[in-house]
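**Q** Residue numbers (our numbering), protein chains in the order written: chain A, 5 to 264; chain B, -14 to 696.
In case anyone wonders, no lab produced these hints; they're calculated from the structure.
Beta carbons are placed, not taken as given, at the ideal position from N, Cα and C, and that holds for glycine.
A couple of the hints might just be wrong.
Which bits of chain A does chain B cover? Going by a derived footprint, with three or more residues having C-beta under 8 Å, they are [as the list claims (entries may be wrong)]: (1) 123 to 135; (2) 162 to 172; (3) 181 to 188.
As a list, the in silico SDA-like pairs of lysine to any residue whose alpha-carbon atoms are at most 20 Å apart [as the list claims (entries may be wrong)]: (4) B:K16 <-> A:G22; (5) B:K16 <-> A:E182; (6) B:K16 <-> A:E177; (7) B:K625 <-> B:A415.
Not close to chain A: a few residues of chain B, all C-beta gaps over 12 Å, as computed [claimed, not checked]: (8) L29; (9) P47; (10) N56; (11) D64; (12) T65; (13) Q328; (14) A399; (15) V407; (16) P572; (17) S575; (18) R612; (19) E628; (20) E639.
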Amino acid sequence: MNRSAATLVADAVASFRGHGWQALQVAGDAAEARDRLLAVVGSMESPRGGEGVSRVAGNRCATASCGRRSTRAVRARNPCTQPRRPSGRGCGRNRRYCTGGGAATALIGADDAYAQLVSNLPFSHVVLAHTHAIVPTLGRAWVWCAISLKEYWDGLCLAVGAVSGASRTGDIEMVIVEGMHGPGRVHLILLDFPAPGWEALPPEATTGVESAQSPPPRGVSLPRRPWCRDWCGHNRGGTGSPVGPSLGASPTPRPIGLRV
Amino acid sequence: MNALASRVRAALQDERGSSARGRAFGMIRPKVEQTIAGFPELALNTRRLKLAALDRNAELVPLARERMEANGMRVYVADTAVEAVAHVHALMPSSGLVVKSKSNLGKELHLAEALTDAGLTVIETDLGDRINQMAGTTGFHVLSPAASIDRFQVRDLFSRELGEELGDSPEELVAAARRSLRGYFARADHGLVGANAIAADTGSVCLMENEGNIRAATALPRVVVVVAAITKIVPTREEAWAVARAASVFAGGQDFATYVTCLSGPTPDGGGPEEVHVVLVDDGRSRAIAEGYAEAFACINCGGCLNFCPIYGQIGDGFAGKRVGGIGALQTWLLDGREAAEQGGASLCIKCGKCRTICPVQLDTPRLLTRLQTEAVTRREAPAFGRAADRLMAALVVHPTLLAGFGSLARAYARTGFQRLVRRTGVLRALKLDAAERLLPPPSTPPAVAPSLAPTAPERARVFFFRGCLSHELLGGVTTATLDVLRANGCRVLTPREQVCCGAIHEHAGDEDAARSLARRNIDAFRGEELIISNSGGCGATLKEYATLLADDPDYADAAHAFAARVRDLSEFLAQLGPAPMKGIHPAVSVTYQDSCHLSLLQGIRDEPRALLHAVPGLDLREMQPREFCCGSGGLWGLKHTELSARLREVKLEDAAASGASIIVTGNPGCHMHLQGGPCPWCTWPRCWPPHAEAGSLDTGQATDDGVAAG
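With the hints as constraints, model all of the structure from the sequences given.
**A** Written as structure tokens, this is what we have:
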């Protein structure tokens, strides 16, 4: 990781923390990331008395359940995640495109509503992202999302959502209370090791640093990039690998740039 | 008393609501101002974006429709509000549960009421709206619709709803609301949401929020219905995103809202809705755009203007009809006509211009309302001056002889003791003239101004002096002080006798012909190259607008442009010239500066008067908080809305007293007379007349003069 990329990551972590996120950077490998994730999940609090939510959109969606005795997690089926045995306590996890740049926003594009629900229903929400998914500005995040979607999602993603912190309201006497409808706690775990296939990206993508080149205009045909298919195991055309890296598997280690 | 006046009076008497708003805005305002400062280009960019989109609206509507339908959404364009409601109704079952998110258009269409009447159970899912729904009240404020309801009432409402005794901490109440509303989300088959923006290129509906209810309402129900005005359509998804960001920054002072969702279609196999319906509502908007009022619909409904509106701050939803605030009155005028706008409170807008400064699209609501009023007057649909007192005032200021006679009578009225006698009888109150009479300042004979006055210091400049009409007659001391200051600063002062009223009163009332006539007379009176100095923020702002006023006059357009470029406020001019050294005031006094809206918000003159005051040795300038808030003068507005005007004055005087200063300095005679007519905040008596020995209000010319003369 070069210096500007390291700065970008450090800025992003600081920005997310400044916006109320529990931001954590994990160096090492997937095994360490898994341990850290389990530690984060294990320390999560649950709403008092449990919420008793056991139904999400009838029988069409995963179950989100929170409470002391009910400990299930939901995981979004988005291009960058793989099905995984639920564990943890009242937590939703998914991978996103992240931005620093002061806004501390996680952005995800998906062709289903699971990601929206995961970011919305549990009381705690964990975002997993690789550091090379960090971009400096909201606009840049959107461009990256659009680029990948344009190529792999036929130019359109049916549900794109941004999360910038805990669900909150100030409707009672202007006192800000978190956890109104969505998560009251938000966690960001940044994985400071590469996903397989990431090397195929151009330098500005792997560093996330703003490129001098302006983003490609709409309608311009982009060169096909193998990284998303290999990394995510998702491709609408069905040619990608069905199994991508999971937290249980150890991808090839790569030198670590920064540990926070 | 008409309905509007009753509503205003009731709102003014609602101390609980006023207190809640004060608390809410006291928190929001500094946060928003601080955040806006970090986005210097955002408002300009959002304005460009929205205006460009509105220019292409006729083209974008079918494009957006086509893309949304290609994505699997079902789109309906409703020409009228009735059609829109009927279509939404047709999409719903005959009975069942609907979860609804916050929607300004939904409130405008009374959608929840219509569906409830049809047998459906509509649950508001935004906490503020839900509290209002349970309490049976209404709340228009976008960010905090339940600001007028305290925690104890909320506790009682949710205790009843959940059948358990709840505590009154906001945390516990929010947790209870979460539990309560989760149940509705789980059972609802239909969701009803609005839209912050719609992207035509991808057919995406962009929604921003902090609570998470919109995300749930667009992902959980089987059928999602989006109701949005056609003016929400922008060309691209990136621009929709930019609109959401602007709304986040200007509405609540956030970098970005907690949740922004772009919904582009149904996702039946992905855990989302099976059907997504979009109802695009025109209801007169395309007509208004074609008539040149696109700017009125560039509004992104962030509600930021309400946070800073002095009128909304005092009366809350009393400043609302079908829509809320000045922008609501403007849109109502365009969509539903003048009478509906009047009922909604169009006349309540004091036109201070504060809303424009904190609007994400820099929407000039006061100017557009004035333009509509002018058109109504031109078409003879409304009188420029509806009341006899207004007509008298408008006639007085254009006839110097009549005005001089009025000034003489006013001075005699005060000096002979007749004023004290009349006040004791209570006849003024009976005739509803007490508020106007209270504006009369202590008698001060205007000086006989020679056409040319030599400087009293080495000559540095030749300037014209615009002495004004009412201010000159009623605040003669200010005229004298202004001339002395200019001469002491080495200015030869030319004061044409042919000058007349600037025309502000007529322009604001929509009598543009009279305003143009006065403008032409002043342009003729001030022929030359010299700068034109005004000691009145209100007059100066109007004089600087002559170029716009006479833009269509082939004979005067160029001259008006040149004239406007020569106009300077006194403080502005002295700051440019470099004021002559001033000797000190003994003993030292503390003053606070009241920003006149016309000077600070319309002319952007904020630092110059303060620099002058700082330059006076022995004068301690103490800022009142908040700065730049209207004192409630408003010219004829103050005489029409007397109670509201008096309330704003009370607030301003309390702010001034809290600053610790003993003198209020202001740069506008309207503010000067208005503040001087209020109860003295430094005295224990409810009214101090003559004013307290140290209290009063001077304009900047007077204060500066004191500084000079004291040495």
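**Q** All hints are to be evaluated individually against the structure, with a verdict given for each.
**A** Hints and how they fare:
Remark: the segment 123 to 135 of chain A is confirmed as covered by chain B, as 3 of its residues place a Cβ nearer than 8 Å to a Cβ of that chain, reaching the required three. Coverage of the segment 162 to 172 of chain A by chain B holds. Counting CB-CB distances below 8 Å, 11 residues qualify, and the rule asks for three or more. Coverage of the segment 181 to 188 of chain A by chain B holds in this model, with 6 residues showing a Cβ closer than 8 Å to a Cβ of that chain against a need of three. Between B:K16 and A:G22, the direct Cα distance comes to roughly 15 Å. Compliance with the 20 Å bound is thereby established for this hinted pair.
Note on B:K16 and A:E182: the hinted pairing holds, with a Cα-Cα distance of about 18 Å set against a maximum of 20 Å. At most 20 Å may separate the alpha-carbon atoms for a hinted pair to count; B:K16 and A:E177 meet this at roughly 16 Å. Of the supplied pair hints, the one linking B:K625 and B:A415 holds, its CA atoms being roughly 16 Å apart against a limit of 20 Å. The non-interface label for B:L29 is consistent with chain A: the shortest C-beta to C-beta separation is roughly 16 Å, beyond 12 Å.
Every CB of chain A lies more than 12 Å from the CB of B:P47, the least distance being 19 Å, so the non-interface label holds. For B:N56, the non-interface assignment is contradicted: its Cβ lies about 7 Å from the closest Cβ of chain A, within the 12 Å cut-off. Chain A leaves B:D64 outside its interface by the beta-carbon criterion, the shortest separation being 29 Å against a cut-off of 12 Å. At the 12 Å boundary, the C-beta of B:T65 stays outside the reach of chain A, the nearest C-beta of that chain being 31 Å off.
Every beta carbon of chain A lies more than 12 Å from that of B:Q328, the smallest distance being close to 28 Å; the non-interface claim holds. Against the 12 Å criterion, B:A399 stays outside the reach of chain A, whose nearest CB is about 46 Å from its own CB. With 12 Å as the threshold on Cβ separation, the claim that B:V407 sits away from chain A holds: the shortest Cβ distance comes to roughly 46 Å. The beta carbon of B:P572 sits about 43 Å from the closest Cβ of chain A, which is more than 12 Å, so the claim that it is off the interface holds.
In this structure B:S575 is separated from chain A by more than 12 Å, as the shortest Cβ-Cβ distance comes to about 33 Å. No Cβ of chain A approaches the Cβ of B:R612 within 12 Å, the least distance being about 22 Å, so the stated non-interface status holds. No Cβ of chain A comes within 12 Å of the Cβ of B:E628; the nearest lies about 27 Å off, and the non-interface call holds. Against chain A, the non-interface label of B:E639 holds: every CB pair exceeds 12 Å, the least being about 21 Å.
This entry does not satisfy hint 10, going by the numbered hints stated previously; all others are met.
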